[in-house]
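Undergrad: Chains A and B supply the protein sequences, listed in that same order. For the first sequence, the numbering used here assigns the number 1 to the initial residue and increments by one for each residue that follows. For the second sequence, the numbering used here assigns the number 1 to the initial residue and increments by one for each residue that follows.
Treat the hints as calculated values from the structure; they're not laboratory data. Among the hints, a few may not be true.
Treat identical chains as interchangeable: a pair holds within one or across any two.
[Stated by the list, open to error] No farther apart than 25 Å at their CA atoms in a straight line, the calculated lysine-lysine pairs in the DSS-like style are these:
hint, residue 1, residue 2
1, Lys-119, Lys-656
2, Lys-266, Lys-111
3, Lys-59, Lys-635
4, Lys-566, Lys-328
5, Lys-656, Lys-121
6, Lys-635, Lys-67
7, Lys-635, Lys-119
8, Lys-504, Lys-13
9, Lys-500, Lys-450
10, Lys-74, Lys-656
11, Lys-538, Lys-504
12, Lys-67, Lys-449
Protein chains: 2
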Amino acid sequence: MEALDYHAEERRKAEFDVEEMKIAWAGSRQAYEISDRVSRLVASDPVFRKDNRTMLSRKELFNDTLKKAAHAWKRVIELRLSEEEAGKLRFFVDQPAFSDLHWGMFIPAIKGSGTEEQKAKWLPMAYKMQIIGCYAQTELGHGSNVQGLETTATFDPHTDEFVLHSPTLTSSKWWPGGLGKVATHAVAYARLITNGQDHGVHGFIVQLRSLDDHLPLPGITVGDIGMKFGSGAYNSMDNGLLRFDHVRIPRDQMLMGVSQVTREGKYMQSDVPRQLVYGTMVYVRQKIVADASSALSRAVCIATRYSAVRRQFGSQNGGPETQVIDYKTQQSRLFPLLASAYAFRFVGEWLKWLYTDVTQRLHANDFSTLPEVHACTAGLKSITTSATADAIEECRKLCGGHGYLSSSGLPELFAVYIPACTYEGDNTVLLLQVGRFLMKTVFQLGSGKKPVGTIAYMGRAEHLLQCHCEVQRAEDWLKPHIIVEAFEARSARMAVACSKNINKFPKQEDGFAELSADLAEAAVAHCQLIVVSKFIEKLQQDIPGKGVKRQLEILCSVYALSLLHKHLGDFVASGCITPEQGALANEQLRLLYSQVRPNAIALVDAFNYTDHYLGSILGRYDGNVYPKLYEEAWKDPLNETVVPDGYHEYIRPILKQHIRVARL
Amino acid sequence: MEALDYHAEERRKAEFDVEEMKIAWAGSRQAYEISDRVSRLVASDPVFRKDNRTMLSRKELFNDTLKKAAHAWKRVIELRLSEEEAGKLRFFVDQPAFSDLHWGMFIPAIKGSGTEEQKAKWLPMAYKMQIIGCYAQTELGHGSNVQGLETTATFDPHTDEFVLHSPTLTSSKWWPGGLGKVATHAVAYARLITNGQDHGVHGFIVQLRSLDDHLPLPGITVGDIGMKFGSGAYNSMDNGLLRFDHVRIPRDQMLMGVSQVTREGKYMQSDVPRQLVYGTMVYVRQKIVADASSALSRAVCIATRYSAVRRQFGSQNGGPETQVIDYKTQQSRLFPLLASAYAFRFVGEWLKWLYTDVTQRLHANDFSTLPEVHACTAGLKSITTSATADAIEECRKLCGGHGYLSSSGLPELFAVYIPACTYEGDNTVLLLQVGRFLMKTVFQLGSGKKPVGTIAYMGRAEHLLQCHCEVQRAEDWLKPHIIVEAFEARSARMAVACSKNINKFPKQEDGFAELSADLAEAAVAHCQLIVVSKFIEKLQQDIPGKGVKRQLEILCSVYALSLLHKHLGDFVASGCITPEQGALANEQLRLLYSQVRPNAIALVDAFNYTDHYLGSILGRYDGNVYPKLYEEAWKDPLNETVVPDGYHEYIRPILKQHIRVARL
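Just need the whole structure built from these sequences, with the hints factored in.
TA: So, in structure tokens, the structure goes:
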């Protein structure tokens with residue numbers, strides 16, 4: 001018996017080798033094999049079931065998280081999984097948990113800012129999870145501005161200890177994941193005070209809970225901050241609050257990799273360059289960009305598959321209605337998101353390379369690329385997460401009414417994803433950092449200092465401010481060099497225009513403040529250029545598999561031209577292209593959609609997601625949507641009884657007019 | 001003792017009479033007084049408490065809804081509230097319930113499509129809630145395309161009955177609110193079949209549940225469709241599914257106001273014009289636009305107030321940090337939304353007038369304005385709901401991390417609002433209807449048929465295709481006639497360009513299909529023009545109160561210029577304005593933000609929302625945010641115990657490495 005597959009016809013239409021595309025998507029055959037194996041492992045394990053998640057109460061959901069985390073750890077040990085495999089396992093379990101912060105923030109913080117001795121002491125315990133750590137930075141009144149944190153760590157030379165204290169309500173630690181109910185330890189950030197002098201914010205390893213009975217240690221108030229967006233979603237995580245009432249820790253629990261406090265209370269900088277900590281930041285941000293492509297591709301996979309199942313209008317002679325994926329309005333909203341998923345995937349791959357490159361340079365004391373790398377990673381974090389958050393919601397809308405059902409998976413995906421726009425740098429704040437970097441680059445153009453890396457094109461600003469786009473026919477827009485030059489010219493012109501306007505202000509800082517919205521727009525233009533360029537660079541490599549490269553070329557053009565259409569004002573107003581060329585780009589885009597159409601299902605199959613990971617009835621691999629939606633509905637607790645609880649108390653009195661009678 | 005008010009200083013800064021603005025916002029002194037009184041009534045009643053809503057399980061939440069609905073009905077009777085007041089009461093109770101559909105869809109459907117006899121029979125029972133009705137149209141496989149519904153109502157001349165039947169799984173009714181657990185009756189839509197002939201979709205009054213014991217009647221399968229987006233939110237509603245297995249109803253339960261089936265099974269059109277049903281549609285859509293301004297203003301109120309409380313960066317000499325509302329990036333994202341709230345409010349008021357106007361015309365057999373009214377209401381429904389959905393999420397982001405907490409109120413507001421983009425016409429489908437109307441208007445331009453109402457400007461297309469914008473200095477953009485002409489020229493040029501491109505296709509229908517994305521963009525341009533024009537028209541009226549009109553003028557300019565900036569590509573590429581004029585508009589916009597800033601808090605105070613209705617700690621009237629966030633956190637069920645349930649089972653075994661031991 002053949003397996004049911006409503007998408008079989010769609011899959012036959014594909015013009016490329018899907019198995020090879022899976023490898024291109026994963027980055028390598030090895031990466032593909034690990035993902036494939038671990039995702040199946042998770043999908044087949046009943047403990048990791050998540051289809052009832054949105055129906056659980058907060059307490060049940062949290063208990064479920066604990067159960068899954070313990071089981072995941074058990075499987076990691078039993079199967080002797082590598083660190084990479086263990087990370088993949090947590091990824092496919094797909095439920096935010098304290099362990100994410102333990103592995104993703106607590107351990108990296110000690111590795112990045114601890115001394116060798118500190119690492120030797122704490123890391124083995126952490127690797128074995130004999131202690132569970134969190135990362136306690138953000139406070140109730142202080143987020144983006146880390147330097148504004150209020151918690152204090154005052155050195156007491158009499159006892160050789162730091163006294164951690166929360167002097168105000170707004171200094172309460174607030175948000176750290178795992179803090180609320182689980183973590184035994186934290187890397188807590190506080191203002192270091194020695195001899196009455198404030199040395200700014202530093203990290204401290206603090207034990208929070210007893211390893212015997214899990215009770216908070218004296219002086220520590222700790223709890224969960226309460227419900228967050230959505231049902232299921234991030235409510236599985238115990239984001240916590242924390243207050244210190246003169247909590248004492250030994251001096252050697254300050255993370256002293258970069259600065260130290262001596263026995264006498266003297267504050268000293270080590271000879272290790274401060275810049276080393278930027279390595280961690282690049283690492284964290286490349287991971288966020290990779291996560292963006294995962295979340296986006298997941299939403300796109302659901303919306304694309306359901307768009308092929310769903311039919312509306314266009315029935316002829318009583319035949320079936322038209323698949324909604326055949327409508328140009330649907331394509332013009334969906335296919336740019338499909339293209340973005342691939343674009344973000346490849347720029348994420350490139351960021352992995354950048355991380356290795358910058359780490360090597362830092363260890364060789366070469367800090368020359370650091371400002372550019374910093375701006376580039378900040379900007380890419382910002383634009384990929386913002387675009388992904390919007391795209392998930394757009395995919396939900398593209399599924400019509402049923403996208404609003406929890407069983408579509410999209411509401412929870414949205415709810416769980418959107419914090420990425422805020423954590424690790426608010427997206428607007430990050431864009432302004434990129435904007436400042438752009439301005440600095442422009443201001444230095446005459447100085448002989450050559451822009452490097454992703455900003456190198458600014459070295460050709462003179463040309464870019466004057467060049468004319470060569471497009472004469474729609475298909476000219478398929479040429480990579482024409483695309484790149486248009487995006488370079490747009491970014492250069494916006495940056496230069498901004499710098500000129502800033503210089504009109506008597507005080508440059510006032511210019512930066514007043515024109516910050518323009519700066520953010522220039523930053524977006526710069527970052528979109530990076531994504532487009534890296535996609536194009538990817539296509540200059542050898543990519544095996546029948547038709548694979550061809551499909552990626554089409555998606556690359558869709559990505560670039562849809563951005564051009566969306567930001568047409570930038571391109572036309574700055575004179576990079578003419579209105580006619582803009583219209584030709586739009587015409588080309590429409591033709592490209594027709595080329596994507598027959599390959600759409602196969603292009604989302606290439607993400608190789610299990611139905612478990614997708615967590616969506618609309619996105620099921622086999623397309624068997626409606627019977628399963630119907631089946632799922634009956635599982636709702638409200639359907640446990642035919643007559644609802646509350647009928648006798650609240651409904652019947654209305655119908656029988658007993659409310660009125662009661663009053664007379 | 002003076003009441004705590006952290007916003008007192010902000011309120012003192014206001015340059016206008018807030019009380020008079022409240023009346024301008026409400027539409028009239030009377031409307032203001034009713035809203036004010038009813039909202040306080042609800043806010044002070046403990047039964048209507050909703051601050052714990054997101055923590056309730058589905059069953060608890062639904063029970064809470066039943067309780068509130070019964071209590072609301074009790075209050076309506078006790079206080080002898082008018083229909084308007086009762087509607088306001090349900091509005092301020094702010095929890096989706098079966099009663100919304102009973103009053104908002106079931107009763108209007110009978111009023112709109114029933115015969116006099118049917119109205120006399122059913123409406124009195126419905127008004128007393130002796131029966132509770134729902135509106136069962138949408139099916140599992142059929143939403144936008146009403147003509148594609150599959151449920152059948154076959155006339156059986158032997159018994160003088162209709163037999164209602166669900167022939168397929170996809171024909172199951174799916175989504176109707178109140179259907180799942182409460183409604184005793186439905187207006188159900190089904191294909192009318194007499195003598196083997198299909199007469200298309202008609203409405204039928206069907207009893208679903210026994211009035212004695214609330215059990216479903218024979219042949220009826222009914223239940224809830226399960227969890228939806230978010231916690232709290234629309235999960236208070238029993239959106240339902242319904243299947244008919246040859247259910248028989250008397251012939252006189254077909255709604256026969258427009259067409260009839262005789263005793264012999266003959267299908268007849270009545271002499272009542274079909275167009276009368278459009279009156280209901282205009283009514284429903286004007287209500288949706290009014291709701292958009294409510295939801296948007298609520299989100300804006302929260303984000304504006306919290307932006308004045310929240311401080312980040314910019315501390316000088318250890319002083320307080322800068323209020324985030326003082327940052328231009330914050331202003332450039334927030335103030336256009338504030339302006340949109342007012343713009344949507346006024347266009348909603350105008351739609352109320354339009355409804356009266358069109359009703360009068362219909363009764364006088366004047367159908368001349370109908371196509372224009374239809375396009376106008378469809379388009380306004382689409383753009384205001386889409387903009388509002390996006391704006392709520394933007395407001396959440398503008399609140400930083402804390403916007404993600406349920407206690408900010410914004411997650412639930414988003415979750416409960418977004419269905420408005422889908423119900424009563426999917427927003428994209430509606431835009432395409434507007435697009436078709438625009439094309440028809442353009443194609444007829446030479447024919448001597450004069451466009452009327454909101455499309456009248458197309459009569460001046462010749463001028464609008466050639467005119468040059470007169471702006472020379474930034475402040476020229478404050479002139480209403482310049483704004484209007486720019487928006488008219490943009491819309492006219494986009495529509496004409498579209499029509500030319502459509503005509504390039506051998507078959508016009510292919511042109512419509514291929515260029516549908518362009519059509520939708522042209523439709524947006526047309527609808528934005530309507531909103532801008534109606535705002536400007538409003539300002540030509542007498543508006544009492546010191547400084548009130550001045551503030552509205554500023555907001556009107558902010559609304560128009562921020563749209564111009566966002567859609568700069570449309571304006572510049574079509575040659576309506578030059579790039580330099582676009583830059584001047586942006587400069588003017590920035591200056592306007594500085595004028596909005598001191599009035600921002602007062603402008604959201606003018607919405608006159610109670611803290612109960614706002615449902616947001618961040619948006620509290622008194623600005624006492626942080627202590628209340630802290631207090632709220634402790635109410636989470638996870639904080640009932642210090643050591644979480646599951647510690648012994650799941651956390652301790654990890655820490656004590658019993659997982660490893662268990663395996664050896």
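Undergrad: All hints, please: hold or fail.
TA: Each hint tested on the structure:
In this homomeric assembly, Lys-119 and Lys-656 come within 25 Å of each other (Cα to Cα) only across copies, at 21 Å, whereas the closest approach inside a single copy is 73 Å. Taking the closest pair of Cα atoms, Lys-266 and Lys-111 come within 25 Å of each other only inside a single copy of the chain (24 Å); across copies the shortest separation is 84 Å, beyond that limit. In this assembly of identical chains, the alpha carbons of Lys-59 and Lys-635 lie at most 25 Å apart whether taken from the same copy (20 Å) or from different copies (13 Å). In the homo-oligomer, the alpha carbons of Lys-566 and Lys-328 lie at most 25 Å apart both inside one protomer (16 Å) and across protomers (23 Å), since each shortest distance falls under that limit.
With identical chains, the CA atoms of Lys-656 and Lys-121 are at most 25 Å apart between copies only, with a shortest distance of 18 Å across copies and 73 Å within one. Both within a single protomer and between protomers do Lys-635 and Lys-67 lie at most 25 Å apart by alpha-carbon distance, with minima of 22 Å and 24 Å respectively. Proximity of Lys-635 to Lys-119 under the C-alpha cut-off of 25 Å is found in neither arrangement, the shortest distances being 49 Å within a copy and 38 Å between copies. Taking identical chains as interchangeable, the C-alpha atoms of Lys-504 and Lys-13 are never at most 25 Å apart, the minima being 58 Å within one chain and 30 Å between chains.
In this assembly of identical chains, the alpha carbons of Lys-500 and Lys-450 lie at most 25 Å apart only when taken from the same copy (20 Å versus 48 Å across copies). When the C-alpha separation of Lys-74 and Lys-656 is checked against a cutoff of 25 Å, the pair qualifies only between copies, where the shortest distance is 13 Å, while the shortest distance within a copy is 58 Å. For a Cα distance limit of 25 Å, the shortest separation of Lys-538 from Lys-504 qualifies neither inside one copy, at 41 Å, nor across copies, at 38 Å. Within a single copy, Lys-67 and Lys-449 get their C-alpha atoms no closer than 56 Å, and across copies no closer than 71 Å, so neither meets the 25 Å cut-off.
When each numbered hint is compared with the structure, violations occur for hints 7, 8, 11, 12.
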